[in-house]
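Kindly generate the complete structure, drawing on both the sequences and the hints.
Below, each chain spelled out in residue letters.
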Amino acid sequence: MAASAPAAHPKTASRLRELVSNQTFVLFLVWIAMVVFFTAANHIFFSSDVAGNILADWGPLMLVATAETFVIISGGIDLSVGAITGLSGVVAAFAMQDMTTAGQGATLTLIVGLLVCIGVGLLVGLINSLLINYARLVPFIATLVTLGAGEGLSIVFTGGAPIGGGPPQAISLSVPWLGPFSTPVLVVVAITIVCWLYLHKAKFGRYTYAFGSNSFATRAAGISTKKQITKIYMLSGLLSGLAGMFFYLRLGSGAPTTGAGLELDAIAAVVIGGAALSGGVGRLSGTIMGALILTTVTSGLIIIGVAPNWKQVVVAVLIALAVSIQALRRGEGKAS
Amino acid sequence: MTDALYEVRNISKNYGAVTALDNVSMKVRAGEIVGLVGDNGAGKSTLVKCLSGVHQPSSGEILLDGQERHWRSPHDAIQAGIETLYQESGLAPQLSVGANVFLGREEMKPGILGKLGFLAQKSMDARAHADLERVGIAVPSSNRSIAQLSGGQRQAVAIGRAVAWASKIIILDEPTNHLGARQAGEVLHVMRAARDQGLGVIFISHTLPHVLEVTDRIVVLRLGRVVKDAPTSTFDQESLLGTITGLIAD
Chain A
1 MAASAPAAHP
11 KTASRLRELV
21 SNQTFVLFLV
31 WIAMVVFFTA
41 ANHIFFSSDV
51 AGNILADWGP
61 LMLVATAETF
71 VIISGGIDLS
81 VGAITGLSGV
91 VAAFAMQDMT
101 TAGQGATLTL
111 IVGLLVCIGV
121 GLLVGLINSL
131 LINYARLVPF
141 IATLVTLGAG
151 EGLSIVFTGG
161 APIGGGPPQA
171 ISLSVPWLGP
181 FSTPVLVVVA
191 ITIVCWLYLH
201 KAKFGRYTYA
211 FGSNSFATRA
221 AGISTKKQIT
231 KIYMLSGLLS
241 GLAGMFFYLR
251 LGSGAPTTGA
261 GLELDAIAAV
271 VIGGAALSGG
281 VGRLSGTIMG
291 ALILTTVTSG
301 LIIIGVAPNW
311 KQVVVAVLIA
321 LAVSIQALRR
331 GEGKAS
Chain B
337 MTDALYEVRN
347 ISKNYGAVTA
357 LDNVSMKVRA
367 GEIVGLVGDN
377 GAGKSTLVKC
387 LSGVHQPSSG
397 EILLDGQERH
407 WRSPHDAIQA
417 GIETLYQESG
427 LAPQLSVGAN
437 VFLGREEMKP
447 GILGKLGFLA
457 QKSMDARAHA
467 DLERVGIAVP
477 SSNRSIAQLS
487 GGQRQAVAIG
497 RAVAWASKII
507 ILDEPTNHLG
517 ARQAGEVLHV
527 MRAARDQGLG
537 VIFISHTLPH
547 VLEVTDRIVV
557 LRLGRVVKDA
567 PTSTFDQESL
577 LGTITGLIAD
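As you go down the protein sequences, you meet chains A and B in turn. Per my numbering: the first sequence = residues 1 to 336. Per my numbering: the second sequence = residues 337 to 586.
Note that these hints are calculated values from the structure, not bench results. Beta carbons are placed, not taken as given, at the ideal position from N, Cα and C, and that holds for glycine. A few of these clues could be false.
To list a few chain B residues with every Cβ distance to chain A over 10 Å, as calculated [to be verified]:
1) G377
2) I448
3) D461
4) G582
Coverage of chain B stretches by chain A, computed from C-beta distances (three or more under 8 Å per stretch; other residues unrestricted) [unchecked claim]:
5) 399-411
6) 417-427
7) 450-456
Listed below in C-alpha cells is the structure:
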C-alpha cells in the first residue's frame, strides 16, 4: 500500500502517519469534534457548569477505567469494579452514619469513610486474586463471582435504599472551586498521573505488559506472576473503592445501585482508548480520552435534548469504530 | 568424568500415569556443546523444563558444579547462571527489545526514584544494544517492539539475551527452527562463541545436520530414556537418525 503514495516529504509523511496512528491523538480530535458539535447545537454546552458536570461523571469512571486498564493490559478483565464501587460506598456510608450519630467530627468521619472504601476495595481485590491464583478461575469468572456477591451484599446490607446520615459537609467537598474542578476531581487527576507513571515508567507496569503479552515468557524470566496478579487486582479493587468514596461525596449517601453497570462503561473507555482484550496493548492516555468521550456524550446528548438512552447507542457505535480501526491497522501492518 | 558443570542423575518425571522421563542421566562440561536429540514425544521438552526449573522432576538429582540443587522455579535456575531459550517464544512481543533483554532483571533508576519502582529505560536500552552486539547479534534498535522484528531477528534477540546473561549454562530448545540458512548459521556461530567463553551449552534440535556440525557430544532420547550418549565424531547422519528412530539397536 506504500508504493502508490507520492513520497514528497517522506519524513513529514511518516511523522504524520505516526500521529494519525496514535489512538490518543485521534480520540482527542474526536472529542474536540464532539465539543464543537454539542456547542453548535446548544451554546449552553460550552460552560463551566457543564464542564464541571462532565468532570464529576468523569472522576469515578476514570478511577475504575484506570483499574480496568491495568487489568486488561495484563490480559485479564475485572467485572467486579462496579460492584466494589457500590459495596465500598455502602459500607463506608454505614460507618459514617454511625460516627455522625455518635457525634464525631466531620473530618475524622470522612477520613474513616475513605479508609473503609479503600479497605473494602483491597479486600475484594485480594479475593479476586486468590480466586485466580489458587482456585484457578479465569479472571472473567473470578470477577463475575465477586460482582454477583458484591452487588448482592450491597442490597442485603441496605435493603435496597441509599444510606445517608453522614456528615453534611460531604457534599460541599464536591463543589467545583478551581474552574470546573472540584477537590475529588483534582484527586482523581493526581491519581491518574501517578498510575500513568507506574504503568509506563515503572517495573510494575512493565510486568503488567509482559504478563499480558506473553505470560509464559514472563514466568520463564523468573518473575512471580502470582504476585503480579495479586498486585494488579488489589490495585483494581483499591481504585474502585476510591470511586465508591467519590460517589458518596457527590451524592451524600451510599446506594447499592451506585456502581451498577460501571464495569461496562470502564471496559468501554479502555477499549475505545485502544487497549486490546487479548492483553499487552494499551495506553492510559487512551483510556483518559475514552472516559472523557463517554462522559461528554452523556452530558451532550442531554443538553441538546436527545433522550439519554441514545447514549448507549452512541457508545456502541464508538466501540465498534475504535476496535475495527485497530483491527484494520493491524492487518495493514502485516501487509503480507 | 566428574568434571561435569551441570548434570542430572536418574531423573524421572511423571504426569499422572504418563512417564515423560524415565531414569534420565546426562551432563554437560564447561566449554562443551551437547546435542539433545530425539523424536517427538521422546521427552526433550520435559527434560529442558526440568533443567531450567520450570518443572520439578518426580525423582532424581540435579547437580550444578557438583552440588545438588533443587529449582523451585525458573527464577532459581536463572539466579544460578542457567539461561534457557524455549521453543515456545520466550519473548513478550509487545515489549521493546531492551525491555525483553532485561525482563526479570530490570535496572532501576538511581536513588529514590529507583526505590519507588521506576525503570532506567535509557540505560537498559543502551546496555541491551551493547550486550547483543557483544554476542555478535545486530538488532536495529533497542526501543523497537519485538512484534516489529522478523522471525530471524526475534530469535537473535532471544539467543542474545540468553547468552548475555548466562554465567554457566545455556539451554537452547530448537533455536534454528523456522530460520533461513544464513540466520541458522549465525545461531550456530553464537553457540560456538558461547562455548569458547567457557559456557556449557545444551542444544536441542530436530535439524540433524546442525547438531552434527556444532556439537561435541550427542545424547539421544527415545520414549523418555537415554538410549545413547557418545561423542559427535562417532555419528554420521544415518547412524544418528537410526538411533533416534530405533532402527539401529542400542
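Hints not upheld, ascending by number: none
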